[in-house]
Structure formats: structure tokens, C-alpha cells
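Here's the letter readout for the chains.
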Amino acid sequence: MLGRYISDLEPGDKLGPTEVIYSAFAAREYAHCNEMYQPFFHAGGGEEHYAPPTIIHTGKLKLFHQACPGGKGPDARVHIEFDAEFIEPVPVNTKVVLSGEVIDRYVKKNRTYIRTNIELRNAADGRLLVRYIDTNLLAFKPKEGGAA
Amino acid sequence: MSTTIRRTALNFPIGMELRTPPRRMTRERMRWYVDLLPTVEYDDGLVHSGAGTIHDDDAYAISQGFPGIISDGMISTNWLSSMLFDTFGKDYLTGGKLRTRYIASIYEDQVVVCVAKVTFRTVAEDGSTEYRFDIWCEDDTEKKLTVGEATVRCSAG
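Here the protein sequences come in this chain order: A and B.
Just so we're aligned, residue 1 is where the first sequence starts under the working numbering, counting upward by one.
Just so we're aligned, residue 1 is where the second sequence starts under the working numbering, counting upward by one.
Quick caveat, the hints were computed from the structure, so don't treat them as lab data.
It is possible that part of the hints are untrue.
Label-pair distances were calculated between CB atoms; the ranges are [to be verified]: (1) A:Lys108 / B:Gly68: 22 to 30 angstroms; (2) A:Pro142 / B:Tyr42: 19 to 27 angstroms; (3) A:Pro17 / B:Pro13: 25 to 33 angstroms; (4) B:Met16 / A:His65: 38 to 46 angstroms.
Here are some chain B residues the structure puts well away from chain A; computed CB gaps all over 12 angstroms [claimed, not checked]: (5) Pro13; (6) Glu17; (7) Leu18; (8) Arg23; (9) His55; (10) Gln64; (11) Gly65; (12) Ser76; (13) Thr94; (14) Phe120.
For every residue, glycine included, the Cβ atom is placed at its ideal position computed from N, Cα and C.
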């Protein structure tokens, strides 16, 4: 269910689309905080400059925050799986479009999981740059009686 | 951090392993990822704090059922991803696939080594080579913490 908490999201809920421009600063910050020191992710003086493709993880959070202004819900989410295909490098200072859809919500051992499909496309021509399926556990502690 | 094998040696046999030197998952490394999330989201040239999570706040992590703070899984994903980019360069970013599953929490000061083991290799008609890897992060007892697979197609030449 859109509009409240992330923990309320259900299959079929659409996230975005929303336009994003990753600045050189954002790309460098993402790379630096993950100790990726390759010049490809740190340029900015006219050289080729791209964001690490895993920056799409921040895009998921941006989509969640826009769709669910109430925040995470009662418990901390725990990231379970990252599954991505990197089709083209993600350029900095270029308009891209993030979109997503919740594709599954299931309970296993009294814990609730959600899976979300996220795409990052070039805004100018719609080319797919990164495809990502994210799996999250909505609460680490199992809930008595079933779903979180 | 550089991997032990550089891009000049791209004739990888099945069974060969790429390995990073060990790194300790310090409190600082965990906080860097916590803070980069709002920093990238706001993207206004300032560093923003994302404090108050299971990755940087012991009391909150304990309230959520953990013995203490745990690292964001994306840190180990990014260390594995960086190893593949170090090895394959732009080829990894154009058609590469990466799946990581966090099978054990990584706690403060736990040692992490990233590994990619070649499981499949084929040369296409255009001369490109596709490699598939089992990938994982292990601690200093060789306990696996993060597992997954990766695929990279190396362009010819």
C-alpha cells in the first residue's frame, strides 16, 4: 500500500518514476565511501566520469522515501539480496529516470520479505542502464503469529 | 584497494580465484555507508548524517534483535563489485551481472576477504569471453558471510 510506511508496501505498488541527475559529487561520495578509488568513478575534470553501478541502491531508497513519506515502519529493514545487471555505465551530470515496482511480498519462518524491481534508464532515450531486484526483510525479529 | 590480479592477466582458468587482501569491517566503514545514503539522495554538496540505524547505533541494533551493529550488506557487495571492476574494467559495467546474498551478519571489526572463483568460461564467435564466477565474502576463519554469482563478458582484444 502506497502513501504511508515502507513496511506496508505490497506487490503491484509502483514506485516513481522520478528523474535524477547524479552529480560528480554524488558519484565520488558513493565511490569513496565504498573505497572504490578507480579514476572512472572519481574524474570530473573532463575525463570520462561515471557513477558506480551499485549506486542504484540509493535509488531504491529515494523511491521508497517518495512513495512512503511515513518512513520505514515499526522495525528496521534488513537487506537480504542484491541482484543486478549492469547494461551501460551510469553517467554523471546526465538526467536518468528511476522507477520501481514491488513484485513480491511473502512470509517465511514468521518473517516478512519484500522484493522490488528497480530500473535506471537514460532519460533522453529510455535506454536501460541498470536493472536491479532488491530483497528486504521487514523485521529481523520474527513476529508471533505470522506476518510482520 | 586493489585486487591481487590485474587486468593484464585475463586468461582465467576454471577454478581460479581472485582474492582481495583482508579488511576489517570497522565502525567507521559501516558509518560511511550510513551517511552516504542521505548524502547521495540530497546531492547538494554537503555530507548528511543518516545516524540511528542498525549499522551505526548499538542500542537500536540490540532493540532490533542483533547483538550489536551490523554492516550494510551493500558494503560487501561494493567490495566484490570493486574487485570485478578492478579486474575487468568497463567490460564489467556493460553487461555484467552481480548477485549477492547476505547469509550472515557482518559485525564490527570482523575481517572480510572478497573472493571470486571462475566456474564457467566460453569464447564467443566475436572473440569475447564470458566468465562466470561464484563470489563470496569470508571471514578469517573462512566462514562465508555473503555469497552469490557474477558474470562478465570480456570484449575481444
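Against the structure, the hints:
1. A:Lys108 / B:Gly68: 22 to 30 angstroms: holds, 25 angstroms
2. A:Pro142 / B:Tyr42: 19 to 27 angstroms: Violated - the Cβ-Cβ distance for Pro142 (chain A) and Tyr42 (chain B), about 35 angstroms, lies outside 19 to 27 angstroms.
3. A:Pro17 / B:Pro13: 25 to 33 angstroms: Violated - the Cβ-Cβ distance for Pro17 (chain A) and Pro13 (chain B), about 44 angstroms, lies outside 25 to 33 angstroms.
4. B:Met16 / A:His65: 38 to 46 angstroms: holds, 42 angstroms
5. Pro13: About 25 angstroms separates Pro13 (chain B) from the closest Cβ of chain A, which puts it past 12 angstroms; holds.
6. Glu17: The claim holds: Glu17 (chain B) sits with its nearest Cβ about 21 angstroms from chain A, beyond 12 angstroms.
7. Leu18: The claim stands: Leu18 (chain B) keeps its Cβ more than 12 angstroms from every Cβ of chain A (closest is about 16 angstroms).
8. Arg23: violated, 8 angstroms
9. His55: Nearest chain A Cβ is 9 angstroms from His55 (chain B), so the label is violated.
10. Gln64: violated, 5 angstroms
11. Gly65: violated, 4 angstroms
12. Ser76: Given that some Cβ of chain A is not farther than 12 angstroms from that of Ser76 (chain B), nearest at about 9 angstroms, it is violated.
13. Thr94: violated, 6 angstroms
14. Phe120: Phe120 (chain B) is indeed farther than 12 angstroms from all Cβ atoms of chain A, at 17 angstroms.
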